[in-house]
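*Asks:* Protein chains in written order, with our numbering: chain A, 2 to 264; chain B, 2 to 264; chain C, 2 to 264.
Keep in mind that the hints are not guaranteed to be accurate.
[As the list claims (entries may be wrong)] Listed next, with one range per pair, are the computed distances between beta-carbon atoms:
#: 1; chain 1: C; residue 1: 10; chain 2: B; residue 2: 168; range: 23 to 33 Å
#: 2; chain 1: A; residue 1: 257; chain 2: C; residue 2: 81; range: 55 to 65 Å
#: 3; chain 1: C; residue 1: 186; chain 2: B; residue 2: 70; range: 37 to 47 Å
#: 4; chain 1: B; residue 1: 3; chain 2: A; residue 2: 10; range: 49 to 59 Å
#: 5; chain 1: C; residue 1: 135; chain 2: B; residue 2: 113; range: 44 to 54 Å
#: 6; chain 1: A; residue 1: 87; chain 2: C; residue 2: 143; range: 18 to 28 Å
#: 7; chain 1: B; residue 1: 109; chain 2: C; residue 2: 81; range: 50 to 60 Å
#: 8; chain 1: A; residue 1: 74; chain 2: B; residue 2: 2; range: 31 to 41 Å
#: 9; chain 1: C; residue 1: 10; chain 2: B; residue 2: 258; range: 34 to 44 Å
#: 10; chain 1: C; residue 1: 87; chain 2: A; residue 2: 168; range: 56 to 66 Å
#: 11; chain 1: B; residue 1: 145; chain 2: C; residue 2: 3; range: 36 to 46 Å
#: 12; chain 1: A; residue 1: 3; chain 2: C; residue 2: 186; range: 52 to 62 Å
#: 13; chain 1: A; residue 1: 168; chain 2: B; residue 2: 15; range: 19 to 29 Å
#: 14; chain 1: A; residue 1: 86; chain 2: B; residue 2: 258; range: 53 to 63 Å
[Stated by the list, open to error] In silico DSBU-like pairs for lysine-lysine, Cα to Cα no more than 30 Å straight-line:
#: 15; chain 1: B; residue 1: 228; chain 2: A; residue 2: 228
#: 16; chain 1: C; residue 1: 228; chain 2: A; residue 2: 228
#: 17; chain 1: A; residue 1: 228; chain 2: A; residue 2: 85
#: 18; chain 1: C; residue 1: 228; chain 2: B; residue 2: 228
Calculated directly from the structure, the hints in this document are not laboratory data. Predicted model only: the values in this text are computed from it and were never measured. Note that the Cβ used here is the ideal one computed from N, Cα and C, for glycine as well.
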Amino acid sequence: MKKYSQILELVRDANPLVHQITNYVTVNDCANMTICFGAAPVMSHAPQDVIDLDTAASALVLNIGTLDENQIEGMLAAGETASKRGIPIVLDPVGAGATPYRTQTAERFIDELSVTVVKGNAGEIGVLAGVSAEVRGVDSAGISGDAKEAAQRLARECGVTVVMSGAEDIITDGVRTLGVRNGVPLMGSISGTGCMANACVAAACCVAETVDACASAMAVLGIAGEKAACASSGPGTFKPAFFDAVYALTAEQFEAEAKIIEY
Amino acid sequence: MKKYSQILELVRDANPLVHQITNYVTVNDCANMTICFGAAPVMSHAPQDVIDLDTAASALVLNIGTLDENQIEGMLAAGETASKRGIPIVLDPVGAGATPYRTQTAERFIDELSVTVVKGNAGEIGVLAGVSAEVRGVDSAGISGDAKEAAQRLARECGVTVVMSGAEDIITDGVRTLGVRNGVPLMGSISGTGCMANACVAAACCVAETVDACASAMAVLGIAGEKAACASSGPGTFKPAFFDAVYALTAEQFEAEAKIIEY
Amino acid sequence: MKKYSQILELVRDANPLVHQITNYVTVNDCANMTICFGAAPVMSHAPQDVIDLDTAASALVLNIGTLDENQIEGMLAAGETASKRGIPIVLDPVGAGATPYRTQTAERFIDELSVTVVKGNAGEIGVLAGVSAEVRGVDSAGISGDAKEAAQRLARECGVTVVMSGAEDIITDGVRTLGVRNGVPLMGSISGTGCMANACVAAACCVAETVDACASAMAVLGIAGEKAACASSGPGTFKPAFFDAVYALTAEQFEAEAKIIEY
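Chain A extracted, bound-state conformation (with noise of 0.2 Å):
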């Protein structure tokens, strides 16, 4: 596990600067989650600003939860901007599969844009590859057929590294496939899980290679959601000690509780 674990503290070495264009209802959650991983955020989505800001960024968050056509604006300009300097794009497709609009604007990103990382949940994920799943609001409402299947299909087709979240997190490039079998049920209980990940992921792959840096960020969030549930008392309690865990989570600790498996 000492390579996953120290990614985390190349992170921490580096506070890599991660710009994200996200959705209203848990940038603060993301902020402080990139703060507590070891990272700096920026939130920013005006063409105007997102150009100069992305000359500077080490890594761009693309995640469409509260999307309008004035983002969608602000996203390509800062996607052009990442994809020409080589930084890592992740694109979390929140509600894929809810609405047509949602939909397509994911596959336009994936389409015209150098996207590093999908991270999504099961139908998110199932939608984009083009197999039948179902999404509702926000919420994976399932997928037919071999979901890590779906995953490794969409990376394979679009390029890109797959990140999806579950009980047992898969993430594949198309030719490896991991498992990460941290986490409890309560992370699900909150708002904004995925979103935070997604900063976490990103930040990881400034320092490391995709695969095994988006195993080890999503490792962190579940070893750290294992600790915080045990000192709370429900889903209210638990978003602060959701963050302190991630804060003060060593690579010690990291090496003991990860499960992260190659399939």
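Please arrange chains B and C on chain A, whose structure you already have, making use of the hints.
*Replies:* Chains B and C alone, transformed into the frame defined by chain A:
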């Protein structure tokens, strides 16, 4: 109280999808409270997105706390779809009376959409009822005359159920009037208690008669507030405890502690 | 210290309405901190709304953390109304120096509006003062030469009071210069400490002379941060404790613990 406690259990069983177009100040709290109450939140405001979302949603919340022209456009598009489908629409006229822009927009929504519930403080309800009332920022600064009568008048004139929040919450459809006497002052020392209530009211309206549903939701929050006040040492620690208390509340506790009276 | 502790009590007595046009990242924290400090928050950005709001507001905060063209329009409309009425305007030039868009907008507001206080980190203040300074995302990345002199220069050249946040906060109107040496590093490990300070500074400026008011507000937050650090186990639990500490701070505690020096 069994009639009311059952509503909480029905929400948890049905897990209704509550689409919320709301202010960016308390939107995260609204999403988390929706989950704690047993429903599923989805936030979205773009006209391109909301029409498709509202084909799947079970209820719609319109909260004008940080209104602008784009949001009005999205609210009207969502509201028209929701009106056609006959799902509950909860309107929170935040700051009506503080500015003409807010007052007129709230009145326009009541006119043009099939609004089910109007939920506000005494000042906001008084202004919409046409009695002498005052709103300072987003807080009630008083209402002249009998607040209950103002709520009943608005309910009758507009064909809506009115929820007037306060030390005693008043719920009325113009015929039947209930009072909910749960809650603590600390609920007024955090931003967003009223906004969170909208989501719970909307979820409850998906599974029960409207007046009963509103009273049940307001009582759940009031009881949870009482419990959270005991478990916290100020507004900051109150909020996480408030989420925990709603999440953990049982039907038995509800029945033992709810103070719902029929006028 | 009585001069400064009284300001907190005056705010709590007056409960001034503080209109804030601010970024969507930390807006919820700003609303809650405003309440904990003893003032009343109202957030609104639409030109149609802000002019009427600012007829009632006691102070205005302009925070450019997530700037776009719509927001600039609203900020100018609100700022002009506030300027005419002579109420305090607090400008936080978040990220000035990181992008030309932010730098130029901050400069435009200082030029066109009657800005009372400019509050930023050393990098932002340095950039606006025209000295060599660097801003990375929204964080100061250093300033060349004496930071205090840069703050004084900006204050004199623009006729504003400058609050430069840091391990020691510097407050100066170009003539009188104060230092506030309260606070803990954990305040920098959450997103939004600076944003929350804007609201408190604005509220304090409603009831006292500007330099004194700024020092008092910064000391309140610093002392509260020290208390919250003792009551928390990381950035996640620090934030709720921070709100509690501001809410509970007494004038006696302030006098015992404030470290305000006059240069």
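*Asks:* A separate judgement is required for each hint: does it hold in the structure or not?
*Replies:* Results of checking the hints against the structure:
1. 10/C - 168/B: 23 to 33 Å: Taking Cβ atoms as reference, residue 10/C and residue 168/B lie about 26 Å apart, which means the hint holds.
2. 257/A - 81/C: 55 to 65 Å: Since residue 257/A and residue 81/C have Cβ atoms about 60 Å apart, the given range 55 to 65 Å holds.
3. 186/C - 70/B: 37 to 47 Å: holds (43 Å)
4. 3/B - 10/A: 49 to 59 Å: Holds, since residue 3/B and residue 10/A (Cβ atoms, about 56 Å apart) stay within the stated range.
5. 135/C - 113/B: 44 to 54 Å: The hinted range 44 to 54 Å holds for residue 135/C and residue 113/B, with Cβ atoms some 52 Å apart.
6. 87/A - 143/C: 18 to 28 Å: holds (27 Å)
7. 109/B - 81/C: 50 to 60 Å: violated (27 Å)
8. 74/A - 2/B: 31 to 41 Å: violated (52 Å)
9. 10/C - 258/B: 34 to 44 Å: holds (37 Å)
10. 87/C - 168/A: 56 to 66 Å: For residue 87/C and residue 168/A the Cβ distance comes to about 60 Å; the hint holds.
11. 145/B - 3/C: 36 to 46 Å: holds (41 Å)
12. 3/A - 186/C: 52 to 62 Å: violated (29 Å)
13. 168/A - 15/B: 19 to 29 Å: Since the Cβ atoms of residue 168/A and residue 15/B sit about 23 Å apart, the hinted range of 19 to 29 Å holds.
14. 86/A - 258/B: 53 to 63 Å: holds (58 Å)
15. 228/B - 228/A: The hint holds at about 25 Å.
16. 228/C - 228/A: Judged against 30 Å, a Cα distance of about 25 Å means the pair holds.
17. 228/A - 85/A: violated (40 Å)
18. 228/C - 228/B: holds (25 Å)
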